[in-house]
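K.L.:
Top to bottom, those sequences are chains E and L. Sequential numbering of the first sequence, starting at 1, is according to the working numbering. Sequential numbering of the second sequence, starting at 102, is according to the working numbering.
By construction, these hints were calculated from the structure, which means they are not laboratory data. Quantities reported herein were computed from a predicted structural model and do not represent experimental measurements. Wrong hints could be hidden among the right ones.
Partial list, computed: chain E residues near chain L (C-beta under 7 Å) [said to hold, decoys possible]:
no. : residue
1   : Q12
2   : A22
3   : T26
4   : S28
5   : A97
Negatives, chain E to chain L, calculated, CB over 10 Å [to be verified]:
no. : residue
6   : P14
7   : R77
8   : Q91
Heads up, the beta-carbon is just placed ideally off N, CA and C, and yes, glycines get one too.
Here are the chains, one letter per residue:
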Amino acid sequence: MPESRIVIVPWQAPELLEDYPAWPHTPSGRLVEGHAAWRLQRPQLDPSLCTGCLQCYLLCPDAALAVVAGALEIDLRLCKGCGVCAKECRQSAIQMAPERS
Amino acid sequence: MKTGLQFLAGNEAVAAGAALARPQVVAVYPITPQTTIVERLADWHANGELQCEFLHVESEHSALSAAMGASALGARTFTATSSQGLLYMCECLHYAAGGRFPIVMVNANRALALPWNIYGDQRDSLSQLESGWIQLYASNAQEALDLTLQAFRLAEDPRVATPVMLNVDGFALTHTYEPVQVPEPAQAGAFLPAFKPAFRMDLDAPLSLGFSAGPRDNTAFKIAQHRGCLAAESVLDEVDAEFARHFGRSWGGALEPWHVDGAEAVVVTLGSLSGELRGVVDALRAEGLKVGSLRLRLLRPFPAEALRRALAGARAVGVLEKNVSVGFEGTVCSQVRAALHPLGAAAPGVAGFTGGLGGRDIPAAELEAVFLGLLAHGGTHDNAVGWVDPGVRDA
Numbered sequence: 001m002p003e004s005r006i007v008i009v010p011w012q013a014p015e016l017l018e019d020y021p022a023w024p025h026t027p028s029g030r031l032v033e034g035h036a037a038w039r040l041q042r043p044q045l046d047p048s049l050c051t052g053c054l055q056c057y058l059l060c061p062d063a064a065l066a067v068v069a070g071a072l073e074i075d076l077r078l079c080k081g082c083g084v085c086a087k088e089c090r091q092s093a094i095q096m097a098p099e100r101s
Numbered sequence: 102m103k104t105g106l107q108f109l110a111g112n113e114a115v116a117a118g119a120a121l122a123r124p125q126v127v128a129v130y131p132i133t134p135q136t137t138i139v140e141r142l143a144d145w146h147a148n149g150e151l152q153c154e155f156l157h158v159e160s161e162h163s164a165l166s167a168a169m170g171a172s173a174l175g176a177r178t179f180t181a182t183s184s185q186g187l188l189y190m191c192e193c194l195h196y197a198a199g200g201r202f203p204i205v206m207v208n209a210n211r212a213l214a215l216p217w218n219i220y221g222d223q224r225d226s227l228s229q230l231e232s233g234w235i236q237l238y239a240s241n242a243q244e245a246l247d248l249t250l251q252a253f254r255l256a257e258d259p260r261v262a263t264p265v266m267l268n269v270d271g272f273a274l275t276h277t278y279e280p281v282q283v284p285e286p287a288q289a290g291a292f293l294p295a296f297k298p299a300f301r302m303d304l305d306a307p308l309s310l311g312f313s314a315g316p317r318d319n320t321a322f323k324i325a326q327h328r329g330c331l332a333a334e335s336v337l338d339e340v341d342a343e344f345a346r347h348f349g350r351s352w353g354g355a356l357e358p359w360h361v362d363g364a365e366a367v368v369v370t371l372g373s374l375s376g377e378l379r380g381v382v383d384a385l386r387a388e389g390l391k392v393g394s395l396r397l398r399l400l401r402p403f404p405a406e407a408l409r410r411a412l413a414g415a416r417a418v419g420v421l422e423k424n425v426s427v428g429f430e431g432t433v434c435s436q437v438r439a440a441l442h443p444l445g446a447a448a449p450g451v452a453g454f455t456g457g458l459g460g461r462d463i464p465a466a467e468l469e470a471v472f473l474g475l476l477a478h479g480g481t482h483d484n485a486v487g488w489v490d491p492g493v494r495d496a
């Protein structure tokens, strides 16, 4: 599996208007706001079931899943706990577990 | 497509202008009275004259959504709609303007339901003045063709980067046949070169499109968007001057004055009604009355300063529109009133007139009566709506 972790550039609000992007589109990888604090359930990966199909990577709305060093990795700083990855995984390699029990 | 002098309906002129702009994507849903624009473009796409992606979408919401996606990929994009279709696009209108996607859309002005009506008035586009789109209004078929070409130059100018809505009066303009000069494709290409997007989605340089901007950042984007829209007024002047160099025709900028200098009473209007109004001005001038008319070609950005300069010498101003903001007064009237307010005590009185709703013709005698009333009584300083030839007596 190719490396796919995007480099996250934290958003730094400019002081000057002219330093803002002229329109609300920027090079990918710029994180304007993360939503980890919304998370009520966290995805848990069983690497022994993962076939590397990357459906979860393609469908994650927050780019929280990536391939790092040949293995799927979930970055909980980005994950808002929506559960799309667990729902879509054909191998049931991802299960959602409550954040607080 | 036949070039040179042709006998065309307004919609056919718009379609010719759109095809000559060589859009890479056309995403449209048909609706009366816009349909013949779509039909003509579809014909040329089918016979190979128009090389583009022609998207037959399932709704107007989808049409403008698809147009935004195509524009984000750096494609020159055209769409067209009318009335209920424009309202169905409403969410996407704000989205496209905020995203600074330089889409060009032609809106065939038509009444809004209820009561149901398919004929022309201006309530559809005027209800969307706050959507962030540049709004142009054409007065005849030649201007509709020429403005379609100019609209792409305006929208795609990096100082502007704002979508353009070009409005043509339903039936009065869309379905009326007139002699129209259709430029040669090479001539149109020289005036309007290929689109060079200021930003584009690219596999090699991916973008995060339309990211969120919270309370800290939101205003900064709106200031930039506001300035981009404001810049369109002077860029329109530049684009028209450039157009004149290529085609030998000039339409001017935001305003088209007709005998405004020295006029005591001036009627401000927009769209095809201005032709009839000019005729009435000529007739009254021949009788020695000091009257004039002023056509607003640009409603967003609103040419407030130019309007103040043009109307500063008038004693009474009437604003005639095929529209009413139910519960207040004519929308355009409010804008003109606000623009003249800085003149203080010297400001002419402004009276609002609403007519032509649901496609009702406005006879020249009624326009004469508007002028005579303005000369006799001056403008008003209240917000009463003057109903022009409503077709019914108020007991």
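K.L.:
Confirm or reject each hint.
P.N.:
We went through each hint and held it up to the structure:
At a threshold of 7 Å, the smallest CB-CB gap from E:Q12 to chain L is about 11 Å, leaving the interface hint violated. Hint status for E:A22: holds, given a least beta-carbon distance of 6 Å to chain L, under 7 Å. Below 7 Å, beta-carbon pairs count as interface contacts, and E:T26 has one with chain L at about 5 Å; its hint therefore holds. Against a cut-off of 7 Å between C-beta atoms, the interface hint on E:S28 holds, since the closest Cβ of chain L lies about 4 Å away.
The closest approach between the C-beta of E:A97 and any C-beta of chain L is roughly 28 Å, which is over the 7 Å cut-off, so the hint fails. For E:P14, the requirement that its beta carbon stay farther than 10 Å from each beta carbon of chain L is not met, with the minimum near 8 Å. At roughly 17 Å, the least C-beta separation between E:R77 and chain L is larger than 10 Å, which holds for a residue marked as non-interface. The beta carbon of E:Q91 sits about 28 Å from the closest Cβ of chain L, which is more than 10 Å, so the claim that it is off the interface holds.
Hints 1, 5, 6, counting from the list given before, are not met by this structure.
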